[in-house]
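Undergrad: Residue strings, one per chain:
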Amino acid sequence: MPAMPMPATAKPDALLSIRSVDKHFGTYHALRDVSLDVAHGEFVALLGPSGCGKTTLLRCIAGFLSPDSGTIRIGGEDVTRLPPHRRPLNTVFQHYALFPHLSILDNVAYGPRRHGVPRGEALERAREALELVGLDSAAGRHPRELSGGQQQRVALARAFVNRPKLLLLDEPLSALDLKLRKRMQIELKHLQEKLGIAFVFVTHDQEEAMSMANRIVVMNRGVIEQVGDGRAIYTRPASRFVADFIGEANLLPGTAEGDAGVRLAVGSALLPHLGADTRQRYTAVLRPEHVELLKEPEAPGLITDQGFVEDVIDTGGQTVVTVRVGEHLLASRRLGMAGEGLNPGAPVFVGFHPGHVHIIAEPATHRSGP
Amino acid sequence: MSAAMNRALPLLAAPVAFFIAFFAVPMIVVVSSSLMAGGVPSLGNYARVLLDQYHWDVLAATFRIAGLTTVACALLGYPLAYYLVRVVKSAALRRTCVILLVLPLFTSNIVRSFGWMVLLGRNGLVNDALVGVGILDRPMRFLGTELGIVIGLVYILLPFIVLAVGNALAAVDPALEDASSDLGATPFDTFRTVTFPLCLPGLMSGIVMVFTLAVSAYVTPALLSGGKITVFPMLIFQQYSTVFDVNYGGALSMTLLVMTLVLVGLAGWIGNAGATGRKAQ
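So the protein sequences, as listed, match chains A and B.
Using the numbering used here, the first residue of the first sequence is number 1, and each one after it goes up by one.
Using the numbering used here, the first residue of the second sequence is number 1, and each one after it goes up by one.
Just so you know, the hints here were simulated from the structure itself, not pulled from any lab data.
Here the structure is a predicted model, which is why all the values come from computation and not from measurement.
All C-beta atoms in this analysis are idealised placements derived from N, C-alpha and C, irrespective of residue type, glycine included.
A hint or two may mislead.
Selected chain B positions facing chain A (Cβ under 7 Å, derived; list incomplete) [claimed, not checked]:
1) Val172
2) Pro174
3) Leu176
4) Asp178
5) Ala179
6) Ala185
7) Thr186
8) Pro197
Build out the structure end to end from the sequences listed, making use of the hints.
TA: Quick look at the structure:
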């Protein structure tokens, strides 16, 4: 099992509390023993590749899917078997799902109307919500007359107009182009802080998760691999998968030497590692920006090794130099045009600080079984 | 004009020629013959049609039968379409159901209407069953009644409305229904405010199709009327086939056509007014 820094019992103050949720689709195991707490006003990102179970988890929270086992509580109330319309939350759908036959104002007023708010007041609330997303001028138009970004905002207004404590967002920005997406990320974050609603945000884009969320839940094959803030997940990934999925990583094999530490394949340095066990396999994670290219074979405080330039990719702002050290490839990312004079095949020295190496113990039996 | 346009023109010519030859020309022939009496232009045929109360009675019966048929088709067809599209999960079963639904369309109208004559007879299966179950004390008369004709027409026209509604239902994005229930709507509210309005255009096209086919139906009413009920197409058929008065027959045809168009247009107009009148429910 991967590291699961979740307490087994629910925190009393958690807004959303998911316990041991399992979900199968036929023989496909979509969620395996998933537990997660979300606090009031928190911005949590569910991050993972497609098929990792993040959307399934979201749909279980919203009530569109029913878990095979486990419980989901919102504000202390067990909602596991409640239909979606009786759950105190709202959802922003991936493709917005705006009602094409209703005007923008009526789309947003739909929620309050369903909760028995009189028509006049519902429209008033809808207008306020549209104002918050800067679309009050479009109130009379129909969804098809709006751009993707505007539809996105309407979907958002429609979801928070009911004043839920929890808002679920299913890859809400994935249909937007890059520039608009960046702008919406900032707007969404500001809006979340202003409204004080807890957001559970599904995305496969790690940058998006990093830039918006207080806490990131990394999922893979229906399992939560790691929960933590962006920095913790980047600097101390709990598994090979997390290290590889979040940013770029050099993954180097290491071998335990007694309980003294782990010896790296590159630089043949012995790194201290508590509880090192010779029966386990170890992987050292080294981010490309921490790998330096040296002219000398030695540098104070650095672990060094010799290699040959494999390939240089210059992208203007930064350069990625791949160096072959023995049988391993090591990527080094340098700011600026650092590739000058480095031609494929040229000998070069690499060096990195031992403090930048993060060691992951891999489970003896591999988890991704069948 | 661009080269692509030049190449496209001959391709367009075929359907345009087809349309002119088989739709426009016959129409012009019927209209012009209806405006001739005794070899000279005249509105006399229309006067004969419109000034005779008998024609208005037949027209009323025709529209009554077609209207009832349409209502029955909508009431039966909508749930059936909903069942096929939303409830049946297995694609194979759905395909089988659709084939079963469409298959009768491949057999002749005459054969199927004869079938209903047998079924609806005084000692037919329907009466036997109704009396046997105890719903009726004694056999009731279906043949020669408007109800009998409606039953026959509903049977023949039901597939059209099911297919039209089914297509519309299948095109409704399930995410919209998810969104509706997410916003607090009960399943019934979701159906009333999202699903139904969104497949209304499909239902309307099905209704128009069934109504116009029912208005112009000849074989089924002729066989099931038992000579006791006359619908407008029978009058037209008599003029063309027995009396050979193409001028008078043309005037009857045009009358039925215009009246039907007026009714269909009226229904569409009311439907549109209803749609735009619906707000933030």
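Undergrad: Against each hint, give a clear statement of whether it holds in the structure.
TA: Tested hints:
The interface hint given for B/Val172 is violated, since its Cβ lies 10 Å from the closest Cβ of chain A, which is over the 7 Å cut-off. Checking B/Pro174 against chain A by beta carbon gives a least distance of about 9 Å; that is not within 7 Å, so the hint is violated. Interface restraint check for B/Leu176: the shortest CB-CB distance to chain A comes to about 5 Å, inside 7 Å, so the restraint holds. Of the supplied interface hints, the one on B/Asp178 holds, with its beta-carbon coming within about 6 Å of a beta-carbon of chain A, less than 7 Å.
The criterion of a C-beta within 7 Å of any C-beta in chain A is met by B/Ala179, whose closest approach is roughly 4 Å, and the hint holds. A distance limit of 7 Å between C-beta atoms decides the matter here; for B/Ala185 the minimum to chain A is near 5 Å, and the interface restraint holds. Residue-level restraint check for B/Thr186 holds (minimum Cβ-Cβ distance to chain A is 6 Å; threshold 7 Å). Evaluation of the B/Pro197 hint against chain A yields a held restraint, the C-beta minimum of about 5 Å falling below 7 Å.
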